[in-house]
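Visitor: Take the sequences, apply the hints, and build the full model.
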Amino acid sequence: MDLALYNQFAGAGAATATTVHRAANPQEFCRFVRSLSPAGRVGVAPSLILQQPELGQLLRGSLPPPEPDDTLNDPSVGVTLAEMGVAETGSVLLVEGDPADRLVSMLSLTLVVVVPASRLVASLDDVATWLEDRLAGGKGPPTTGCYATLVSGPSRSADIERSLTIGVQGPMALHVVVVDDVDGPAATGHISTAAVKP
Amino acid sequence: VKAFPARYRDALEDPNIRSGLLGFQRSWREARDAEMLHLEAQAGVSFDELRNRLASIKDQIIADPREHLDRFAERASAAGAQVVEVDGAHAANDYLGTLCQERGIRLVTKGKSMLTEEIGLNTYLEAKGVTAVETDLGEWLLQLAGEHPSHLVMPAIHKRRHQIASLLEASLGRPFDPDDITTMVRSARTELRQAFVTARLGVSGANALIASTGTVLLVSNEGNHGMCTSLPPIHVVLAGFDKLLPCTKDAIAQVRLLARSATGQPITTYTTFITGPSPGHELHVVLVDNGRSTLAADPELREALRCIRCGACANVCPPYQVVGGHAFGHIYSGAIGLVVTAAHHGLDAAAGPQSLCVSCGACATACPVAIPLPTQILAVRRQTVSEGTSRAKRLVFRAYASRPLTATVLRIFAVGTRPLRHGPFTRIPQPLARRPALSRHLSWRTPPALPIRPARSSSELTARASAGLPLAETPVTGRRVALFLQCMADRVAPSIPLSAARLLRAAGAEVTVPRRQHCCGLVAFDAGDWDGARRMAKATIRSLEDAATAGDHVVTPAPSCVVAMTQEYPRLFAHDPDWERRAGRLAGRVYDLVSYMAGPARLPTGVLAAGDRRPVTVHRFCQSGTMLGQSDEMADLIEDLCGVEILPLPEVEMCCGFGGSTSLLRPDTAKGILQRKLDCVRRTGASLLVTDNPGCVLHLRGGADAAGEPVQVLHLAEYLAARIPDPADPCRQARRH
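Keeping their order, the protein sequence lines are chains A and B. Numbering follows the working numbering, with no gaps: position 19 of the first sequence is 19. Numbering follows the working numbering, with no gaps: position 726 of the second sequence is 726.
There could be a bad hint or two in this list.
What the hints assert, rightly or not - A partial selection of chain B residues facing chain A, derived with a Cβ cut-off under 8 angstroms:
1) L137
2) V185
3) R189
Unchecked claim - Residues of chain A placed beyond 10 angstroms of chain B at every Cβ, according to the derived structure:
4) A4
5) P26
6) E28
7) L103
8) P154
9) R162
10) P171
11) A173
Don't read these hints as lab results, they were simulated from the structure. All of these numbers come straight from a predicted model, not from anything done at the bench. Positions of the beta carbon are idealized from the N, C-alpha and C atoms, including for glycine.
Guide: What follows is the structure, encoded as structure tokens:
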């Protein structure tokens with residue numbers, strides 16, 4: 001993993017009240033999710049299971065099974081997969097064509113986002129390039145819609161006297177876990193929380 | 001929306017607005033400046049460069065919206081969206097009304113959208129039996145209160161926590177602790193959930209429409225727009241073509257400036273790119289014109305369509321802090337509201353708030369798309385004036401344009417108020433001063449003493465003999481300098497121009513006073529009376545051409561006149577090549593006193609060291625910064641020439657509230673701004689305040705006196721000239737030899 005990029009990502013994330021972690025492998029990641037000791041429902045985004053079947057299997061094995069949609073009762077923990085992590089702002093890009101993915105990322109009280117280490121990019125311009133390549137024609141019209149969100153921290157509001165309040169309509173806590181590539185060398189034995197830069 | 005006089009009265013009667021917005025503006029400034037510095041470092045280019053780039057991208061759209069509209073519609077349709085264009089507010093509302101009717105929809109959820117406020121969507125739907133629930137916390141609170149947003153980004157910023165606690169208690173039937181903001185904020189989560197899962201249609205605006213991909217960009221911090229656009233099976237976007245951007249890279253450029261300008265964040269929490277509907281869902285994009293094409297066709301106002309609705313122009317606006325966005329604006333608030341209201345809601349809606357602008361120019365310095373807001377506000381003001389709303393005002397300017405008439409009237413006042421003179425002030429006896437009509441103007445600002453003789457009649461300016469000796473050789477030694485007195489200083493504060501003359505002579509200049517000079521025309525210009533302004537401008541140009549030969553410098557102790565001559569005259573004479581040329585020649589040789597003393601007429605270090613050693617705080621006339629590009633020249637000059645300590649004034653860039661005619665027409669607003677300035681002065685601990693414009697001097701001096709502030713207010717000319725050593729003083733003789 002590019003450590004300089006990771007450090008920039010973690011520092012910028014901290015500024016938006018995101019907690020950024022590193023995990024050496026999927027097992028470690030699953031242990032981390034379990035350590036959040038969810039009291040209630042755990043939601044896993046369907047696209048994570050589709051795109052990272054190995055990780056999906058592991059999560060399923062270590063957590064209670066996902067329940068059918070219950071949009072009046074928020075999942076206590078939601079897990080989803082990022083298309084990329086952006087070092088410039090500490091944001092994660094969630095590409096959620098399936099509205100069921102969005103229920104997980106929008107309604108969970110605590111949201112955990114997996115970013116494969118190889119998907120860290122330097123700037124928001126990389127996001128622009130990715131979206132343009134995918135949507136700007138030349139390669140034919142997209143067959144389905146694209147719903148992509150840069151998430152930069154937990155839901156917040158400052159609408160009352162500009163007093164910053166974390167957790168309004170969406171998650172009250174956001175954990176982003178950068179997972180070293182499954183095939184790559186295990187960098188550390190333990191999950192580590194990035195030092196928060198001032 | 002209530003009529004302006006009622007909104008203005010309500011605003012003045014609510015102390016929560018003033019106190020809440022003061023804290024808001026101060027904390028915003030700090031957060032925004034820090035983030036903008038960070039962006040400059042990261043991008044390696046200045047804020048000005050970044051905003052000019054985004055402005056030129058948006059200008060491409062404004063110049064030819066059709067091409068980009070078609071591209072957007074083509075891409076969005078290819079992704080499965082339905083794109084329609086509608087002309088006016090009614091057609092836009094009707095599209096939604098019909099859709100709801102056809103699908104049997106009775107409840108819709110809404111993300112924050114100024115355009116739906118502009119077209120009055122909620123009221124329209126209500127009449128059709130459809131309930132629209134606002135889901136942005138601030139908008140939701142205002143919906144409970146039956147109000148509309150007072151700020152583009154922070155809709156409920158005019159309300160304090162205790163008001164919101166009572167509002168929630170009244171609406172939800174349980175008590176709320178005003179100091180537990182978290183609980184109040186989280187109540188929205190519970191209250192809105194049912195609406196989110198029941199509504200079958202979600203409405204949003206758009207922060208940008210990306211033409212190359214057919215994408216709708218939405219930003220929010222709460223995440224409510226995500227639910228509005230995901231939970232119901234139908235999502236309807238309402239946006240103007242002004243939201244178009246050519247490609248995603250341009251949208252990123254906007255994202256970088258938007259959150260920093262809006263809330264001082266590097267990026268909003270949720271930045272969503274929606275291209276086409278999700279499987280099984282529908283996406284409708286309704287492109288609403290409602291006056292935008294008219295704006296695009298107006299060469300004076302078209303740049304207003306660059307606006308990305310960040311609210312920065314309100315966040316730096318001094319009168320906005322005093323009255324809030326319900327009075328300072330119509331539906332759109334802040335400086336941009338003063339510009340676009342006429343296009344969307346008509347000239348009548350625009351006229352009232354216009355009178356609150358102090359023309360300080362702060363909005364233009366903060367705008368992330370470099371909209372020339374001050375110029376545009378004056379252009380709209382001219383339209384509202386030419387619509388005949390203000391005949392009386394024009395008569396007053398016509399009278400003021402006459403030098404002899406002004407002189408006579410002021411002399412009558414001077415003689416009449418002579419018994420009331422106390423030092424620099426006129427003290428109106430109590431029973432009279434307490435009458436409401438007078439006390440509105442006089443209770444917070446003691447009027448100046450009116451001199452019987454104006455500066456121009458002083459023997460000091462007429463007689464060569466009393467010229468005084470130069471203090472040192474400077475680049476202007478032996479140079480003829482025409483002194484432009486400034487009409488008000490000449491007749492109300494003559495010591496300012498007299499001191500300026502002394503200083504110029506100390507620098508070796510030969511001072512002349514053109515006899516026929518009067519008002520530069522700024523007062524009429526600011527009031528929107530361009531015909532009156534043109535007459536005064538021509539008289540001024542003639543008077544300075546008569547008196548001085550081509551090479552002479554013109555110097556004035558009033559930077560406001562320099563702003564008029566260098567920046568407003570070219571616009572006044574844009575269609576009159578002869579006068580434009582003559583104005584251009586004058587602009588090339590006119591200086592404000594600070595620039596002149598700091599530049600060509602610079603005296604040696606320490607030459608004015610003798611005298612008052614009190615530390616000084618310095619207020620810079622707002623337009624000296626925003627229009628003439630000055631920063632610390634005055635403080636540096638005082639430090640260098642006098643060697644006295646300067647106590648930095650917090651919020652030095654803020655207007656003092658004089659604002660030309662604003663302080664006469666809207667005394668309550670001017671008073672509020674003055675109080676903020678005096679509070680900053682008090683925080684410095686200085687007992688001496690030096691400033692550079694006669695208007696500021698009289699306003700601050702009278703205000704400090706009325707408030708009982710122990711601070712002496714002097715014009716820079718008065719402060720420096722008083723330190724010129726007396727030629728008869730033996731100490732000075734000794735130094736010269």
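Visitor: Please go over all the hints and tell whether each is borne out by the structure.
Guide: We went through each hint and held it up to the structure:
| no. | hint | in the structure |
| --- | --- | --- |
| 1 | L137 | 4 angstroms, holds |
| 2 | V185 | 4 angstroms, holds |
| 3 | R189 | 6 angstroms, holds |
| 4 | A4 | 15 angstroms, holds |
| 5 | P26 | 27 angstroms, holds |
| 6 | E28 | 27 angstroms, holds |
| 7 | L103 | 8 angstroms, violated |
| 8 | P154 | 7 angstroms, violated |
| 9 | R162 | 5 angstroms, violated |
| 10 | P171 | 8 angstroms, violated |
| 11 | A173 | 13 angstroms, holds |
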